[in-house]
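There are 4 protein chains.
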Amino acid sequence: MFQRLKPHYDSINEECGIFGIYSNETRDIAKSIYFGLYALQHRGQQSCGIAVTYGDRITYLKDLGLVSEVFDNASLSTLPEGDIALGHVRYAISGEDLACNSQPIVFTGKMGKIALAHNGKLINAAQLREKLISENVVFQTTTGAEVIAALINKYSDNDLIEGIKLAAKELIGSYSFVIMTTNKLIAVRDSHGMCPLVLGKLHDEYIVSSETCGLDSIRAEFVKDIEPGEILVIDSLGTHSHYLDKKPTALCVFEYVYLARPDSTIDGCSVYDVRKESGRILAKNYPVQADIVAGVPDSALVAAVGYSEISGIPYAEALIKNRYVGRTFIQPEQKLREDTVNIKLNAVRANVEGKRVILIDDSIVRGTTSKKIVEMLRFAGAKEVHLRISSPIIPHSCYFGIDTQTKGELIGSTKNTKEICDFIGADSLEFLTIPELEGCCKNCKTNFCVGCFSGKYPMNLDKKEIEKMQHI
Amino acid sequence: MFQRLKPHYDSINEECGIFGIYSNETRDIAKSIYFGLYALQHRGQQSCGIAVTYGDRITYLKDLGLVSEVFDNASLSTLPEGDIALGHVRYAISGEDLACNSQPIVFTGKMGKIALAHNGKLINAAQLREKLISENVVFQTTTGAEVIAALINKYSDNDLIEGIKLAAKELIGSYSFVIMTTNKLIAVRDSHGMCPLVLGKLHDEYIVSSETCGLDSIRAEFVKDIEPGEILVIDSLGTHSHYLDKKPTALCVFEYVYLARPDSTIDGCSVYDVRKESGRILAKNYPVQADIVAGVPDSALVAAVGYSEISGIPYAEALIKNRYVGRTFIQPEQKLREDTVNIKLNAVRANVEGKRVILIDDSIVRGTTSKKIVEMLRFAGAKEVHLRISSPIIPHSCYFGIDTQTKGELIGSTKNTKEICDFIGADSLEFLTIPELEGCCKNCKTNFCVGCFSGKYPMNLDKKEIEKMQHI
Amino acid sequence: MFQRLKPHYDSINEECGIFGIYSNETRDIAKSIYFGLYALQHRGQQSCGIAVTYGDRITYLKDLGLVSEVFDNASLSTLPEGDIALGHVRYAISGEDLACNSQPIVFTGKMGKIALAHNGKLINAAQLREKLISENVVFQTTTGAEVIAALINKYSDNDLIEGIKLAAKELIGSYSFVIMTTNKLIAVRDSHGMCPLVLGKLHDEYIVSSETCGLDSIRAEFVKDIEPGEILVIDSLGTHSHYLDKKPTALCVFEYVYLARPDSTIDGCSVYDVRKESGRILAKNYPVQADIVAGVPDSALVAAVGYSEISGIPYAEALIKNRYVGRTFIQPEQKLREDTVNIKLNAVRANVEGKRVILIDDSIVRGTTSKKIVEMLRFAGAKEVHLRISSPIIPHSCYFGIDTQTKGELIGSTKNTKEICDFIGADSLEFLTIPELEGCCKNCKTNFCVGCFSGKYPMNLDKKEIEKMQHI
Amino acid sequence: MFQRLKPHYDSINEECGIFGIYSNETRDIAKSIYFGLYALQHRGQQSCGIAVTYGDRITYLKDLGLVSEVFDNASLSTLPEGDIALGHVRYAISGEDLACNSQPIVFTGKMGKIALAHNGKLINAAQLREKLISENVVFQTTTGAEVIAALINKYSDNDLIEGIKLAAKELIGSYSFVIMTTNKLIAVRDSHGMCPLVLGKLHDEYIVSSETCGLDSIRAEFVKDIEPGEILVIDSLGTHSHYLDKKPTALCVFEYVYLARPDSTIDGCSVYDVRKESGRILAKNYPVQADIVAGVPDSALVAAVGYSEISGIPYAEALIKNRYVGRTFIQPEQKLREDTVNIKLNAVRANVEGKRVILIDDSIVRGTTSKKIVEMLRFAGAKEVHLRISSPIIPHSCYFGIDTQTKGELIGSTKNTKEICDFIGADSLEFLTIPELEGCCKNCKTNFCVGCFSGKYPMNLDKKEIEKMQHI
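Protein chains in written order, with the numbering used here: chain Y, 66 to 537; chain D, 66 to 537; chain G, 66 to 537; chain Z, 66 to 537.
Hints should not be assumed to be uniformly reliable.
The list makes no distinction among identical chains, and a pair is therefore deemed to hold if it is satisfied within one copy or across any two copies.
To be verified - Straight line, CA to CA, 25 Å or less: simulated PhoX-like cross-link-like pairs of lysine-lysine: (1) Lys386 <-> Lys266; (2) Lys178 <-> Lys533; (3) Lys196 <-> Lys178; (4) Lys409 <-> Lys266; (5) Lys386 <-> Lys409.
Just so you know, the hints here were simulated from the structure itself, not pulled from any lab data.
Computed from a prediction, not measured in an experiment: that's the story for all the values here.
Only chain Y is shown next, with the shape it has when bound in the complex (with noise of 0.2 Å):
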C-alpha cells in the first residue's frame, strides 16, 4: 500500500551499523545501545534490534523501522538489565526487507547462548550455506549473520576464538561481525579491514562501534581503530586481542564518500576532511567559470564549501532538504508523479536565477536523480549546470555490501563521461579519477578497495569468479 521510499534509491546505499557494550556493573544497558543505534541509523533503516544478556540468559528485541518506530520507551522497558548488550541497524542489501532478517541473530548452539550482528557482505554465503545444510545445519534467515553464526558454532569445540579463526578461513567477503555471549563481547574485524569498527570506552564500560560517532553520541572516548583482521575480546579481565591471518588492506573508499557520517573518525582520517578535500581537488583540476558553487544535501555539501574556497566562487545552498519527509511516502497522483523529487528537494529559486550554477555530488548511480536535479535547477532559472562528482565513474558492480544496483543499471558501465553529461542534460561534467580520491584519504591508515571504480577486488578472485560464487 505504501511506497516506501528507497533511501537514496538512486544512489549509493548504506549497509549497516553495529553498537555493542560490555559493563561491569547490571544497569539498564539498552538504553545506551539505543542512543547508540541512533547515531548510527544512517547506515541502515530498513531494521533494528537491540539484545541483552543478563546472567546466563539472552532476551531480544527487533523488527522493520527506524530505531524511533521500533523502539519507545515500552518495547524497551521490555528488556531487562544487563552486563552485555548488542545492536545493529539494517540496510538490506539483497532486497530482502524481511522481519526474519533483523539482526542481532541469537541462537543456541554449542558454546550456548550467543548474538551476532553483522556489517559487511560474504561473496561466497550461498556455497557455505549449502554445505553447512548438508550438514544438518537448517536456516531460517537469509542473512550473511547466519551463515557466520552456523559456522563458527561448526567449528567451536570449547573454544570460541579457535571457532572464529576456522570460521575466518572460509569467509570470503567484507565483515565486521560482533558476537555477544553471555559472559564476553567479541569484535572481529576481516582482514582486510574493509568495513569500519572501532573501540570506545566510557568510565568502567568498552564499547563497540561501527563508526565514532556512536561513541560521541553517549559521551564513550575514543580508544582506537579495531585493526584489520583484529579479534578483540572484551571480559571481565578487560579487553585482549587474538589476530586472524595477515591480508593486504582495503576498507570500502565510500565510506568516507557517501556512508560514514562526516564526523566520524575512521582509521585514522577524518570523514569530513576527506570530502572537503575532494571538493578542493575538484576545484584545482576541474575548474569552470561560474556564479556559485553549491552542493547537493546533505552529503556533497562539505565538498562543495571545499570547491569554493579554492575555486573563490562564493558558496551558497541551490537545494534546501524537506526535514520531514518519512521513510513511507505517498506517491503523487500521475499529474504529479514525475515530480517526487520536488518534496524531497525544492531549488532556491533566489540562488540561482539567472546564475551560473556548479553543482557538486557524491556520485552518479543510475543518473535518473541527477538529471531531474538539473532540470529542477533550470526551472528554477539557472543559466548553466556545471556537475562536479567527488569521486570516479562507477563502471563496476561491487560484490562487498554497497548496493550499486545491477551492473546494467549503473549509467557508468555503458556510458563515459560526455554521454553521461549529455543524458543528465548538464552543461558539463567531471568526475575525481582514482588516484585523486584516494590522494584525498591519504592520512588513512589502510589501503582502500576501489573495486566498484577499477574492476579490481581484495581478494584476488576476478570478477568472473566472484559472479559464479553469486550465482550458484
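Given the coordinates of chain Y, assemble chains D, G and Z onto it according to the supplied hints.
Coordinates of chains D, G and Z only, in the frame set by chain Y:
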C-alpha cells in the same frame, strides 16, 4: 504497561491450532487460512502466523496477537497467491511469550524450503535439542516445533517421509504437526493420537485442521480424522498415507471437557454431546435440592443444560459474561482490585436472589476464580451455591501441553474435595470420577490420556522419569 | 480498506450508554468510568469518551473505537484525577460514523465549562438546529447532543435547571442525558421515560448509569431509577430533584427484547425475566412438534430456555458463536462471500442433524440473516426449522433511536408472517403479538413505546408529521 | 510515557501553515494538499488536518501528529474527491496540545458549511470569546480560529465578505486565515500583514499557501503575495479582491530569521538572502580573529556562509545534526541526561580541535542550549568559541504568535550581552541590532514588527494594555 489478560488464568489453558490447505490452483489461499485460524482462535491467542508456498518459494507473516490483530487486508496483501498454505495459532505453554516463537517455523534445510506448525508438547525436547546442538545445529527459538524441524531435517536424506518416521522414533510427547514443502502438505498425528487433527475437502482443495469447526468456517466437508500414527501426504496425486509405529491411543480427554469448540467432532464423538452428557451424569450421581441450575459461561453452559434435563431443576443463567473484554485490560485501582472478575462476569440478580443455585463448571485448577464466583453469587443474594464440576479433581501435572500450572498451584494436589469446597466457600462440591468422564465420551474411537487425573501417562514412563526429562 | 463489521447489521441496533460519577474526593475517577463503560459497551461500539472535571477545568478524551481500543493505561493516564466524570459509548444511528460526533460534547458557554452525554434521538433536531443557527450559533457536529447543549446554553441565564426546563419544552424525541459542570452532575430523563437511566451509590460517590449492569461493574448499589421527567442534581449537598412537565410514560420496549443486558433491571423489571417469559409465551401460544429448541446467540438464548421449560422439548445449542470476531473483518473472496455468517456462527451438527429444530430469535428486521441461519441449519442436517420470534412483526420505522433501517428495508413493512416465512425458508414462523410482549413486561413501572410495531408513537404526532420533521 | 521532543525547545517556535486549493474540476485534491502541507511542516508539527468540499458537503480529517503520521494512503482515501480543499499544520502556541484544537475548524452556521484555518495569534481572543458566549455562542476548542469563525458567522447575514470585514474590525492581533465554503476559497491577511500568505496557480487551479515553498512542492507558479488587508476570493469566476482598513504594515521579522524556509520568498524578499546578508553584517560589524566560522544547523548555516564570505575566515561545519531524531524521544538515564543535545548534535572534532571557532546562531531565547553547544565544542577541543547571533537580543515577549516563552524565561529580559556571554560560557558574544537586521531585509515590500526586540508593537497598544487583555 498493559496487564495482558491471561486467557482463563485460573483455568485449563489451550494449546495450539493448525490449519493447512493444498490447492490445485494458485489463488489467494492465505485468506482461506485466515478464516480457518479465526475458527481455531480458541486454541491459542498469543501469536499466529500464515506461510504460503508460491512456485519454489515460501513466504510468511507471523507475530504476537490475535488473528484479527496480526492480519488485516494490508498485512494479508503482503502474502502472495499460492498453492499451499499453512497457518497456526499459538498458546505459549512454557510461558515464553516471544515473537520469535510464533509459528509456522519456516526454514531451509536438506529437503529445501519447509514450513512446520506443531500442536502438542514434547517431553524430551531439551534432550533432543542438546543432542542436535552437539551435532552443530543451532536453535533460534525455544519451541518444540524447531526441535521437530531439526530432527526431521537430520534424518531426511532425499526422503522426507523416512525422515519423519526416524524422527518420530525419538520424539516423546504429544504432537500433531503439519509440514509444508514447495509441493506437498504432510499431516502427522502422533501414535498415541494425543492431539486431534482432521482432513477436509472443498472442491479441488484438501484441508487439514485441528478441529472440524475449522472446516465448517470455509464450508469444507469433513473427510476423516487423521488417525493416530498416520502420516498423510497431500500432493498433486491426491492423498496417500504412511504410518508410524502403532501405540496405545490416548487422546487428551480435556479436548472434550474444555479445549475444543462444542461444534467440533473429534474421533467420531461430538464435543457438545460429551459436555451435555457430563451434566446429565452429574445430575444422576451428585444430586442436590436447588431452585435453579446454571453454568459458568461459556464452556460449562452445555453441562448445565444436561444437569437441568435430568434433575428437572430449571436451567437459568446465573452469570453474564461481558462480550467486549479484550486481551489487554487495565487493572482496577486498589479499591476495586478484588473485583476484576466483576468486569468479566456479572451475576443475574433476578435469577439468583433468594435462590439455591447449582453451578456447573468444567474444572477447578487453582480454585481462586471459583471462590470469587461463589462470593459474587452470594453478593447477588444466592441462598446456597452448590458447585458441580464436569471433570475429575486434578492432582497431577500435565506434561503434554495442557497448562495446568505447576503442581504446587493445583488445589487438587494438596486438598481433597471437602477441603476444596471449604476453600471455595460453596455449600457443596462434587467432581465427576474418571470412569464417569470416560463414560461420557464413549462414542470416541480412541482411548484417552487421563494423566492429570490419575497420574498415569500413556508413555509407560512414570512421573519421575518425565520430570527428570523436563528439568535437564 | 477494512470492511468494518456493522454490529448486528441485519438486526435492531443499540443506541448509546452513559456513565457518570460524582465523588466527594479527588481521585482517579476516570478509571471507574472506564469500568462502567466496559459494562455498557453493548449499547454502542462506534465511539466512546470520558470527560473529567478537576478544579475549574474539564478535560476529555474521545475517539472512534471500543472502550478497550480507545482507552489503555497510556491514554487513561492523560486524564487527570478529578471529582466528577462522565463517559459515553455511542452507536451512530444516523450513520455518521465520524470522530467529531463522539461524546461527551464538551463546551464553554454562558454557564461555564460543561460536558454533556446523550442517549436517545430527537425528532426535531434539524428544526432546532436551523433556528439556533439563525441566532448565530455554529455547529461542529451532527449530533443531537450538540443541539441539546446549545439549547440549554441559550436558556440558561444564571440557572442551569431553568435552562434545562426551557430547553425540554422544545425537545421532541427520546432522551436521557447527563450534564457535568465543574461542580455538579445532572441527570435528565425525558418525560416519556423512553430511555433508561439509574442512580447508584458506592461509599461517598453517586453514580448515574444507563443500566444497572454499569453499577454492578464497580459494585455500586442500586438506589433508584431516574423517573420519567426527573432532573436529578448531584452536588456537594447530595441529590435533589426537579421535574419536567408530566407526560404519558413510554419506555422503549426493545430495551427488554434486545438492547439491554440480561443482568440489568429497568424500571423495576428484570430484563432476563422478560426474555424468559417471552419464550414461555411463545411456547404456550405458538407450539409446534420438534426435537430440540434452540436460540440464536446471544440475545435469544434465554427465550429458548423459557420455550423449552413450557414445551418440554429439550433445549440445545444449535448455533455456536465465534467469540473472537472483532469489529473489523476481512471480506471473504467471492467464492466464500455468501458464507460470511459462517465466520460468526457455526451450526452444531451433532445437535441438529436429522432433528426438527425450533429456533428462537429476538426480532426480524430485514430477514436476510434469518434466511442464512435457516439455510445453515439445513446444511447441517436439520429436518425442520421452526422460527419463533420473541417480539412482534415490525412494519414501522422507529424515530426515537432504534436503528430499524429505513422502512423500505423492513421486511415486516411489505410482507405478512406467511410471506416472511417463505422468504426465510423456515417450516413455520410465529411472532409475539404486542399484548403478549407487553404481558411479558408486566412488572415494569412504566408504560411502553411500541411505535415500531403499532405505528402509534407517544408524542401524539402522527407518522406524517414526524416524517415531515425528519426531512427538512 | 513519551517525552515528546519539543521542537527547538530553547528557541523561537513556529506557528502554523495553511495550504488551500480551488480547482475547476473534481479530483483527488486532498493529495495535493498533502504535498503542500509536507512542504509547510516546519511551521507546525503538533497537529494537521485536511478538509475537502464535495458537492454541498465538507468532510475532514485532522489529528495530532506530523503530516506523515496523520495521513497515509488509508486515511487519505477516506477523504472524497472534491473541488476545494484546505489544509493546516499547527504549532500549539498556548501549550494546549489537544486533538480538539487541530484545524481546519469545520462548522455549520448562517452561511452554511464552512472550514477555516488560521495562522497567527489574537490578543483579544479571550474578550471576544466572552462577548460571544454572552450572545449564546458555545466554544468547543481554545483556538483563536474558533473565535474568528464565530465572529464572522455573527456578522455574516447573506454576505460572507461583509461578515469578514465587520469581524476584522474587532480582531486585534496577527492573522492570515483561509475560509472554504462549498463554492469558494477566501484568503485573508490582516491589515498589518503580520503573517505571510501567497497566491499561486497551476493549470486551472488556484493555490493559497503560507509560503512559496508550498507552491513549489506541487510546481505551481507564484502569482503574488496576498497583500496586508486583502480579502482574496477565489470562485468559479476567478479571483477578485476586497480590502480591510489600511494600517501600517508590520510583517513579523522572525519569518526571515528563523520561521520560514530559506527557499521561500516573502513580500518580494528571499529568506535565503536575508540570512546570508545577516551573516555578512555580523562579519563587518562584529569581527573577531578565528580559524573557522560555523553555523548551528540548520537555520544558521546560511548566515555562517555569509560571515565567512566577508571575513575570509574558512567556513566549516562544527556541528552535525542527526537527521533521524523523531518527535518522540526517550530520555536518557540520569548519567546521560545532561547530554541529550549529544543525540541531536555532534561536534566535528576534526574541524574544531585546537581551533578558534566563530559559531553563528539565529537567536538566543533561554540560553541553555547555547550553553550546551559551547560546552560541546570545547569538549571536542575548540580553543575559543565566539558566538554571533543573526538577530537582536530579545528582552520582550511576543504577543502575536511567536513562542518566546514567558518573559521570565527570556535570558535577554534580565541579562545584557556581557552577562549572557558569561552564562553561556562563550569567549565573546554579539547580536545584530534592530536597524542592522532591518537592513538585511531591505528588499521586503512591507515594514516589520520587531516588538520582541523593541517592546514597541504595531497596534498602538502599549505592553500593559496587551497584557491586560491577555489575562482576563
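Hint check results:
1. Lys386 <-> Lys266: Close across copies (23 Å), not inside one copy (36 Å); limit 25 Å.
2. Lys178 <-> Lys533: between (35 Å within a copy, 23 Å between copies)
3. Lys196 <-> Lys178: both (23 Å within a copy, 15 Å between copies)
4. Lys409 <-> Lys266: between (38 Å within a copy, 21 Å between copies)
5. Lys386 <-> Lys409: So Lys386 and Lys409 pass the 25 Å test inside a copy (6 Å) and across (18 Å) alike.
The structure shown violates none of the earlier numbered hints.
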